[in-house]
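J.: Chains as they are written, first to last, in numbering that gives the first Met the number 0: chain A, 0 to 337; chain B, 0 to 341.
Keep in mind the hints are simulated off the structure, nothing from the lab. Just so we're clear, the structure is a prediction, and the values are computed from it rather than from any experiment. Keep in mind that a hint or two might mislead.
[As the list claims (entries may be wrong)] Heads up, simulated DSSO-like pairs for lysine-lysine below, C-alpha to C-alpha not over 27 Å straight-line: (1) A:Lys273 / B:Lys103; (2) A:Lys273 / A:Lys296; (3) B:Lys217 / A:Lys264; (4) B:Lys154 / A:Lys258; (5) A:Lys258 / A:Lys296; (6) B:Lys166 / A:Lys273.
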Amino acid sequence: MRDKVKERLVEISDLEVEYQTRMGPVSAVNRVSFDIYHGEIIGLVGESGCGKSTLGKALMRMLPQSARIHGKLIFDGEDVLAFNQDQLRDFRGRRISMIFQDPMTSLNPVQRIESHLLEAIEVHEPETKEAAAVERIRTLVERLGIQKERLPDYPHQLSGGMRQRVMIGLGLVLNPSLIVADEATTSLDVIVEAKLLDQLKEIRDEFGVSILVITHNIALVAELADRVAVMYAGRIAEIGTVYKVFDQPLHPYTQGLLKSVPNIKLDERDVLYKMPGEPPNLTNPPSGCRFHPRCPKVMPICSRIEPDLLDVGGGQYVNCWLYQDHPEKEQPTIEVGR
Amino acid sequence: MNHEPTRPHSDGENLVEVRNLKKWFPVQSGILERIMAGRTDYVRAVDGVSFDLRRGEVLGLAGESGSGKTTIGRLVLRLEEPSDGKVTFDGIDLNKLSPEEMRKLRRRMQVIFQDPMASLNPRMSISEAIQHPLQIHFPEQAHNHREMVYEILDKVGLTPPQFFYDKYPHQISGGQRQRVVIARALVTRPDLILADEPIAMADVSVRALLLDLMIQLKHEFNLTYLFITHDLATAKYICDRIGVMYLGKIVELGELREVYAHTLHPYTQALLAAVPVPDPHERRTQLMPRGEIPNAINPPAGCRFHPRCPVARLDHCSREEPVLRELRPNHFVACHYAEDFL
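The following block holds chain B by itself, in its conformation from the complex (with noise of 0.2 Å):
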């Protein structure tokens, strides 16, 4: 069932182009303080981020917390305006739409977040929840909602649907609160699907599930994925390409499998050694990088890694910062010395 049959599509192989993409946040200090300051410090949550969503993958960006990846997912959606850059839509800028068109495009981009109890509202049932988006986007439609919801909820295994269909949040389990997510968030047919840490709160017999859910969804209904996560073990299951993130900027992006093989980052090295394995005799013995993550507010200068990197040399990487470069077939690596691990 196709809603919309004229949709103006381009025939570009990327759904998404995000270019240069910046986000600053300002920190909040009292008027006093940014007067005596004479300025204000930002948090450079996203600090000029390039990449493309091609039609069809799924994207994973991978990082630790304060790396930005929540926040360019939620630039790719426009739920927040970006510092500078640019994020393109089917070849459609999004910083030069209104809001009104950008309300309209909005159903062709659906977001899954974390928490599924979070995400929903308690005194909604499935079916209200569901239909909120048709209400939105097909009003004039309202004499099918019905039939879509219980379509959909056919679709994400909530079957029978009549047994959901009046349910309310608190009485069903977490794994089909998410999967009650999901359907609200494929009842538009969105082209893209940002899935921001989508079964980091489902228990571990659960998550398998739900991964395999939406692989299946993913090809019934021609969707792109921009799949956030910090679990790198996860992402090996749905991901075809990944980006990995430090400090607001992509740090490696390529094949996920060519990505793990052949890692050309030290701290893409170090994130994937950390990864406890399921088995006792593959216990890790590489050492971790020294400190934590630094402060989004005064990042290092020249490569933004060097403080704590293993390879760095002192003279270079704190001056100069790297570019993402392509060392190996669609591989990009921002680091001087990656040659050194080819």
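This is chain A alone, in the form it adopts within the complex (with noise of 0.2 Å):
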């Protein structure tokens, strides 16, 4: 599995998705770029309404019918904006799972956990017998930490660390490339996360699928993460390994957002960086650089021009004008009205 680690599972380019509302459209992922690699475990961290969730669901086409999706995604060579329904189907579940962030709503509390599971392969792939899913089942939730004998049981009966456990086993049991972990942890206490994360590098390790792990956690991505995607507004800020954006963030988004997490650690961050300002919404985006109204290194050309995302070198890519020219850059023409 190592030696395919930089081969590209996934490649998004210029993804745009948009939605219809009320207040008119809102531009909820705005031309995002990044690839996703075999085996890596990618984070992709943002606050709430910055698009996260809706790239997520748009990596699998699960958007409603009011989003309008534009661009580029390309799963292992296929166009998946391309697919029709029962392409989507079978791409859904066999290539890309996904795991969600609440167990109890996404399990059917009438139905047992080996049904659940059941079901998914024979949805998928009807051509195997009932025998020997069961016996895969058994294998796979022994492997996640479940007794066998558990599998009878309804999702109530279980704790909520196990609950999260037959998720995580429904992500699996398609055997996908990609699966897409939506806060996946979110709900849980320290140390039953913790557990999780230790779970969900071992399933890398051992089954060489790519995980993204979408959170608004930053320290739960430098546990846990290869590379991470840092999103605001619609937007990557940045991008690159976590040992580069951690070291070394350069957008001053990521800067702030990293001196404002607590760190528990007593000689370190004593005191927290108060950014100033909300994200904003999304209905009525700041112009040019979406964070201009918040960034402590504003130049002029920021709120007019949006920045592009720009490679730095080392697998790092930043979306800020501090790193790259422009002719307005310098001189800035102020136009006044005529």
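Put the two chains together into one complex, using the hints given.
T.: Quick look at the structure:
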């Protein structure tokens, strides 16, 4: 699996998702481009409303009717945006799967654990015999630390951590190449969460699956991921290996975010950075760079022209005028209304 | 501005004293079931907890869900009746108060909950929400209410107050809503604030501002906080002391920096190690305790943590319940083998 690490599994380029709302169109994902490699864990972090969940759903094409999606989305060489309904059904589950935040609302309360898992196999692999499917399920759940005696249980009979492991099982049972975990550990207590993180790492090592972890918790990404993409107001602010981004964040938003995250170590970060303002409402995003009203390093160009994601070397990309040139950057022209 | 110049104050160092507090919730089961079983089961949410809340301090209560931390908060405010034990507020035994006396005392103890959207009535404007406690506690000062609302809006950073006065909760941001909840709690000039996960819903970039506001207001209004949280990393930035709870009991209690630096209970050690650190060079290597927090209906005998504890000795820990004892100055721990960690 290790030698496949740098092979591209997903190519996302200039992806846009627009919702039609009563307040007008909302561009929840705006010109987003990045790749997901085979066997990597990539963290997608951002605050509420930044578009991270929309992006996750867009990868599976699970967006509501009102959403319009443009750009390029290539999964293992195939154009996902061109899939018809049959191809999509086959694509979801078998090649990409999702682990959601709240297992209690994602699992059917009147369906046994075993039949949740069996159903997934029956729907997606009608050719698999039931006996073989049952065998596969037993091996899988034991691997995830659930005794096979618990398979006939209903979701309410399991503990929170076990239910979340069932969710992982559901995500893994069809052997997908990519698992999208959207706030999969958010409702869990820290010790249960820590164990689940260990489990996600083991799954990646054992099955070679790629995992996209969508979260608001940047500390969790430092603990778990190989690379991190920071999203702000529908755009990628910065992307790179966790070592690059955490050691040397380039985007002022990433810098501020990292300085405002509590650190439990007593000898580190005694004072939290207080970022001014709040994340913008996307029905009416700020002009130019969407972070400029909160940015401590704002320049005249920032409110007028939007920067692009720029390769700064070492696999790090940043979306900020500080690191790129523009004719107007040095000589701001201010037009006065005629 | 002091609304009540003659306020009885005892001179004690402690604003709140909690002694052997218990809250057992009966498990709702059918009448037939109860007759057949011949007994009622109880969830022992809080099972014998004692601590002091000193004037002007921030005491954190931390623990996982189901540890009883929220129930303790509700008992201290007497939003729940205790099954046993005693809460004293400023020298007054809450158990002995009539409903009317309790209602009056409530002016001095206010609460901030986690979800501001659930704490605010969507049909009440911000000024109405903040005036509501004034109407209850200071009806005779009705002519001043508008001014008092302006003043408190200003104090919590909702400026200019005129802009927010007639707004409704859905018209402002999440961080601003939590400021409204804080303003509503402070407008009666309380002594004690119960803050139950007050910033857990806020975005990361907004949390630091809210924490800072709470600390600043604490100094300005001479407040004492009981700060309930599951987030030990955030607790570091606001709490002076911390109590760690497990299954209805306090297992460790002391100055926060002392507890974090010289952790004496194996459960606290696991809890602290489990918190992810925002630095990929500092990834966790410790193993986590096996299993999950057990059911509070039938907690394990002896030390409640023993089935998951890495240092438990079965013959001892499963039989004898450890008591909270002072092992280092002002640092209490309930573990038979805490000396091993000195």
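J.: All hints, please: hold or fail.
T.: Quick rundown of the hints versus the structure:
1. Among the hinted pairs, A:Lys273 with B:Lys103 is inconsistent with the structure: their alpha-carbon atoms are about 37 Å apart, more than 27 Å.
2. For the given pair, A:Lys273 sits about 15 Å from A:Lys296 by alpha-carbon distance, which is consistent with the 27 Å threshold.
3. A threshold of 27 Å between alpha carbons decides the hint, and for B:Lys217 with A:Lys264 the separation of about 25 Å falls inside it, so the pair holds.
4. Proximity of B:Lys154 to A:Lys258 is assessed by CA-CA distance (about 26 Å); at most 27 Å being required, the pair is judged to hold.
5. Straight-line distance between C-alpha atoms of A:Lys258 and A:Lys296 comes to about 15 Å, which keeps the hinted pair within the 27 Å bound.
6. For the suggested pair B:Lys166 and A:Lys273, the alpha carbons sit about 25 Å apart, so the restraint of at most 27 Å is met.
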